[in-house]
Amino acid sequence: MLNLIQADLYKMSKSFAIKILFVVTTLCALAVATMAYLIPQGQIDPKMAETFFLFSDVNMISILGAAIASIFICGDFDNKTIHDAIASGCSRGTVIFSKTIVFFCGLGFILLPYAIITGIALSSGSKFDMGSVAVGFLNMLTKESGIVFSASVLLKMIAVALTLMLVYMAQLSICVPLALVLKKPVLVVVIYYGFTLLCASFTGLRSSSEVFDKIFSLTPYGGNYMFITMSSGAGDFIKAIAVSLVFITVMLAVTYSIFRKSEIK
Amino acid sequence: MNVILERAGEKMKDYVLKTNNLTKSYHGVKVLEDVSVTLEAGKIYGLIGQNGAGKTTFMRIVAGLTFPTEGSAELFGKKGDKNLQYERKRLGCMIEYPSLIPYMTAQENLTYHRVIRGIPSKTIENELLELVGLSNTGKKKAKNFSLGMKQRLGIAIALLGEPELLILDEPINGLDPLGVVEIRNLLIKLCEERQITILISSHNLPELYHVATNYLIIHKGSIKKSITLAELDESCKHHILIGCDQPEKLVSVLEMQLGTTNYKVMPNKTVKLYDFLDDKELVARAFADNGIVVTNFSIEGDTLENYFISVIGGDQNA
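In the order they appear, the protein sequences are chains A and B. Count the first sequence with my numbering and you get residues 853 to 1117, in order. Count the second sequence with my numbering and you get residues 2 to 319, in order.
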């Protein structure tokens, strides 16, 4: 399995696409951080925050995360590298697990600009605010702006960043079965983006039905996992991590049950 | 006890692949039906069949890309899903298209596949590129390769890890005439020097005739014929097929008057004469002079193509 992961990381490092995605998320992270800086200063209309939400981590990762799954999982069917791995004696479970790990590494890589720029912005001590659209790293930027920096704050910031990344990975883990079953890049991106919009539309339902809210909070799309900040308690962190890990495990199990005996065309 | 085990082991080593009544159906349509073949070590097997005959499906089952509906396969004497998966580490495959990453160079592609196989030696990459004639491709990406270059790189990838069974589906597709000869010589060399068993499918039957030591003719999902090169040569050898009322006398004329023993008496009493193909008149006159009534006197013998057509049931199936 380590061989497969190492080989796929090598392949990813040679990919132009991952570099482009990294540049895109870096520019987007810079854009939203600038907006979050200019809005509280009154230089930009706060209504513009909704427009710039498009460049936020939560929105960009919904599109680009699914794109990574398309490029590096669906693409492996086109390149026949999945065929080669299986014909070389790798088990299908190993293939699924290693592809998922490398997919998560890719997600972590394109999320890095948001984490780093949020960290740099917070360390400046300036005021940032994106209003009601602040989710994920943008929420951390909004809620924690003006914080006094110290070693313990830095450690907690890293913990928040890693937890948010894990929640994102869990949310996107649904792309693993989608990519391995559909094998069509466009379908994976469209279905996943549509799914995230559907989940966002559940907000009203969550407030009206406690039962639905509880069930939904068992998935990384529910609860307040995307609103974790440095002020969140240890219980919030543990719950976010546990829900994410369990959801990833379920997705891997679903993928394995489908892919175990499927035709590899 | 040890002797028994050793002998059992020796027997296992006799074949690298054995299939037992392998059947594969898609939506109730059988694309492979009761395929039972045995591939011995150090031989080159030519898998011959029309498009849709089941060649690729057979190879895909062996490679683990699909599963049989019925029947089983044994690799290196091992059967069962887990064992087969493990034994596939001893395979090298290129089925349908080579497994290439388009944005990587030839060397980078080899590095990728070498790492997957856990081969630490980096020198093998240059050796294989040299072997398949791609050592001068430099920074050219695989997506810019010609079809022939892609095929060569696919073969190099299949050769990583010194496989004991090499499965090549149409490996000479897109190769120029010189490339065909180079790949042919390479396969023969691999088979002879490293005792690699090769299962190769191709539509280029004359080319396959130059490479294979054994042939498997597959038609509509069934193995119609399994034949060695020697048997094929025997079947295809050009001869005068003679039928007559007195075969004993005919043989006597051949030996005494025409001075040849290069003939064969068939079970149906016809005689295959491998000499005098360019001087049939002399033979005919000798028979007439001796009062032998000839009921058949024809030149017979086939090419692999004709033999294949005759095995699958004539031109109407070709």
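Incorrect hints may have been included.
What the hints assert, rightly or not - Footprint (simulated), chain B over chain A, 3 or more residues, beta carbon under 8 Å:
id, stretch
1, 882-894
2, 927-933
3, 939-952
4, 959-971
It is worth saying that the hints were derived from the structure and are not from the lab. Keep in mind the model is a prediction, meaning the values are calculated, not measured. We put the CB at the ideal spot given by N, CA and C, even for glycine.
Per-stretch coverage check for the stretch 959-971 of chain A, three Cβ contacts closer than 8 Å to chain B:
Contact hint for the stretch 959-971 of chain A vs chain B: violated, 0 residues under 8 Å.
Does the stretch 882-894 of chain A contain three or more residues whose Cβ lies closer than 8 Å to a Cβ of chain B?
violated (count 0)
How does the stretch 939-952 of chain A fare against chain B when you require at least three residues with a CB closer than 8 Å, holds or violated?
holds (count 5)
Tell me if chain B covers the stretch 927-933 of chain A under the three-residue, 8 Å CB rule, please?
holds (count 3)
Checked against the numbered hints given earlier, the structure breaks hints 1 and 4 and satisfies all the rest.
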